[in-house]
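Undergrad: Keeping the supplied structure of chain A fixed, place chains B, C, D, E and F upon it in accordance with the hints.
Number of protein chains: 6
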Amino acid sequence: MIFVTRKEHFNAAHKLYNPNWSKEKNEEVFGPCANENWHGHNFELIVTVKGTPDPDTGFVIDLKVLGKLIKSSIVDRLDHKNINLDVDFMKDKLASCEILVMEIWKILEKELAAQNSRAKLHRIKLVETPKNYVEYFG
Amino acid sequence: MIFVTRKEHFNAAHKLYNPNWSKEKNEEVFGPCANENWHGHNFELIVTVKGTPDPDTGFVIDLKVLGKLIKSSIVDRLDHKNINLDVDFMKDKLASCEILVMEIWKILEKELAAQNSRAKLHRIKLVETPKNYVEYFG
Amino acid sequence: MIFVTRKEHFNAAHKLYNPNWSKEKNEEVFGPCANENWHGHNFELIVTVKGTPDPDTGFVIDLKVLGKLIKSSIVDRLDHKNINLDVDFMKDKLASCEILVMEIWKILEKELAAQNSRAKLHRIKLVETPKNYVEYFG
Amino acid sequence: MIFVTRKEHFNAAHKLYNPNWSKEKNEEVFGPCANENWHGHNFELIVTVKGTPDPDTGFVIDLKVLGKLIKSSIVDRLDHKNINLDVDFMKDKLASCEILVMEIWKILEKELAAQNSRAKLHRIKLVETPKNYVEYFG
Amino acid sequence: MIFVTRKEHFNAAHKLYNPNWSKEKNEEVFGPCANENWHGHNFELIVTVKGTPDPDTGFVIDLKVLGKLIKSSIVDRLDHKNINLDVDFMKDKLASCEILVMEIWKILEKELAAQNSRAKLHRIKLVETPKNYVEYFG
Amino acid sequence: MIFVTRKEHFNAAHKLYNPNWSKEKNEEVFGPCANENWHGHNFELIVTVKGTPDPDTGFVIDLKVLGKLIKSSIVDRLDHKNINLDVDFMKDKLASCEILVMEIWKILEKELAAQNSRAKLHRIKLVETPKNYVEYFG
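Chains as they are written, first to last, in the numbering used here: chain A, 1 to 138; chain B, 1 to 138; chain C, 1 to 138; chain D, 1 to 138; chain E, 1 to 138; chain F, 1 to 138.
Hints listed in this document are in silico derivations from the structure and should not be mistaken for laboratory results.
If a hint is listed, it holds; no wrong ones were tucked in.
A pair counts as met if it fits within one copy or between any two copies, since identical chains are not told apart.
Quick list of in silico lysine to aspartate or glutamate cross-link-like pairs, EDC-like style, CA-CA up to 20 Å:
| hint | residue 1 | residue 2 |
| --- | --- | --- |
| 1 | Lys71 | Glu109 |
| 2 | Lys93 | Asp62 |
| 3 | Lys64 | Glu27 |
| 4 | Lys68 | Glu28 |
| 5 | Lys91 | Asp54 |
| 6 | Lys7 | Glu44 |
| 7 | Lys68 | Asp79 |
| 8 | Lys64 | Glu8 |
| 9 | Lys25 | Asp56 |
| 10 | Lys25 | Asp62 |
| 11 | Lys23 | Glu36 |
| 12 | Lys91 | Glu103 |
| 13 | Lys131 | Glu8 |
| 14 | Lys93 | Asp54 |
| 15 | Lys68 | Glu8 |
| 16 | Lys91 | Asp76 |
| 17 | Lys68 | Glu27 |
| 18 | Lys50 | Glu128 |
| 19 | Lys131 | Glu44 |
The shape of chain A in the complex, shown without the other chains (with noise of 0.2 Å):
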């Protein structure tokens, strides 16, 4: 079992906002990252999967295959967007790296799928800033 990993950028805002709760108790909670005019950041989008190399290419996956499919399927809908409103797979959903994560994590386990690829999904790391990432694993 080989890891293959590809990183991709997107820049886009976002705030952090519980629509259930008063202005105040989203400042409270979230302190500047409730910013009602937004703040943003340069996201890294570090996807990796795994499996066994084809004996013909030695590839698991063919690295240019798996940019364009983290582009097309999310990079595209998420780079220079507000990703509280912009975003239909985000719609209604707390804007967190921690619940953006897990969106990312079902559309490309489903687009791999669909390819009928070798390689399996891995895990879906997403850094936000240079002190701050979170990593799910499915």
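TA: Chains B, C, D, E and F only, in chain A's frame:
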């Protein structure tokens, strides 16, 4: 003459948008950077000052003092904010890095002068993405 | 289960030195790391916790809370210190990264338990130089 | 159990090329990576071993010893070389990172065993570009 | 005057080899860099231009335009190539970074002039390894 | 004129301490950097030289030669040392980066001159932490 540099960070939302233009013209010129609902970045703000070391301390400037000055006069006004909407010194200005870096220069130059610091401002560098940055030398 | 990671930094001096050995034996085994007058590093302390997101906040743990916990219980006791001489929890222990990382684990595990956090400690990673790091999973 | 990691580097040329295929088929499958006249990379080789610390040294393994082992058994055979043409242990194999990382594992596992090291090989990670890396756990 | 910088990447093979010298002399002078069968690098190409911001856009140059220019005129001719064999503008030249950076300057200066860009070329920086880079200011 | 840069590393302990001042005054001015028992850093030493490429080699300077010169004349005297106690050229000087970088300049300038190198020293950059660095141009 010694050059001394301090890096600080802030996360902010913005959009590139000329209010004298139609929405279509903005999208044509600025592309996804004009996204109505904003996008954002982890900005890296890198400030270089120059001067001769104080013979008693070996310092051109105490870097903790410089760090606090950058934080109180710049970072606290930009971090977790919307550059177009929330930042007084960017009011009615295009929220591009080129404009931002010139406005940051004006503020920091005044602050250093007010402190009678032996350090003179040399360069403001603003990193917007891993691929793009701007610099201003006054 | 989501894994959430926070990075913090500290600068410290240490030497690798076994007090049961002669100076010559220490130099033979530890080489320049045994330098009598110490050497030092910029240590990067990377803490991963795991848990399920709180449905109200989308957080496994508030990363600002985790950052403060790491700072108050670990970084403040190590930063700008001598690990062999100044750090109570390293008293009479070898000041290697392997030992340090296990001691940090004990403290942080207790702190998280004391807070009834939904996050459980998963990994302590300690980066000593750009080429060397250690990890501990309890 | 402590995990200890060492990073080393090498610069090498290679091409992705299946000798059982026509030139056209190779270009179709591997694209620019099949360029007849080679291309190359700065590879980052990251080796993790695991074990319990020696009570006399606090070491799972002396990282200088591990570094020398990686250099003499792997890096010296790959650095400033052509992976397809110059590297004995890659003879008649596809020069993909997936294959390379498995061959490196075999060599390092044997070397550690020959030294009766208390450290056991845990992971080989090979970074080919800032966007792509592979990992192997045996 | 604002300085604006764009980073692009390419992976290439090369060797340092003076055709007027014997194989032995080349190996003596260039060491492993003269390896007959080539070696390679992940090159980072960092281009800085300077100018005054356009009052309508806040741009010295649209960085997406600059990125495309660098890609079409430089990166596409170097990426996944052999610098000694495949690159027309390096024909009969020593494939050192010093020579390469001067040739890249000539091409990009002409391209910017052809576009009547308000941006003037300021610096070409070429990073060959994590330890080595060269710069040229024309 | 081409500018060529080489990065080297060293790990060292130091404290900021003016022997003409009381312990209290030192702590007041230098804060935790005055810690009696030292602290330390991973220093990154970045040396830039300038000159015209040799027509036979394409080199301003052989970077392996420059690397060895930096190692033998600077790094070997600082690595795994205490800057205040162990380093002859820092005797009776304040161990700040500003002073250190000027002393390194003096030594490297003399060494390059002694070698009749076509390269002239251009800049010494010393990175002390991820947030702080100093530069000296002679």
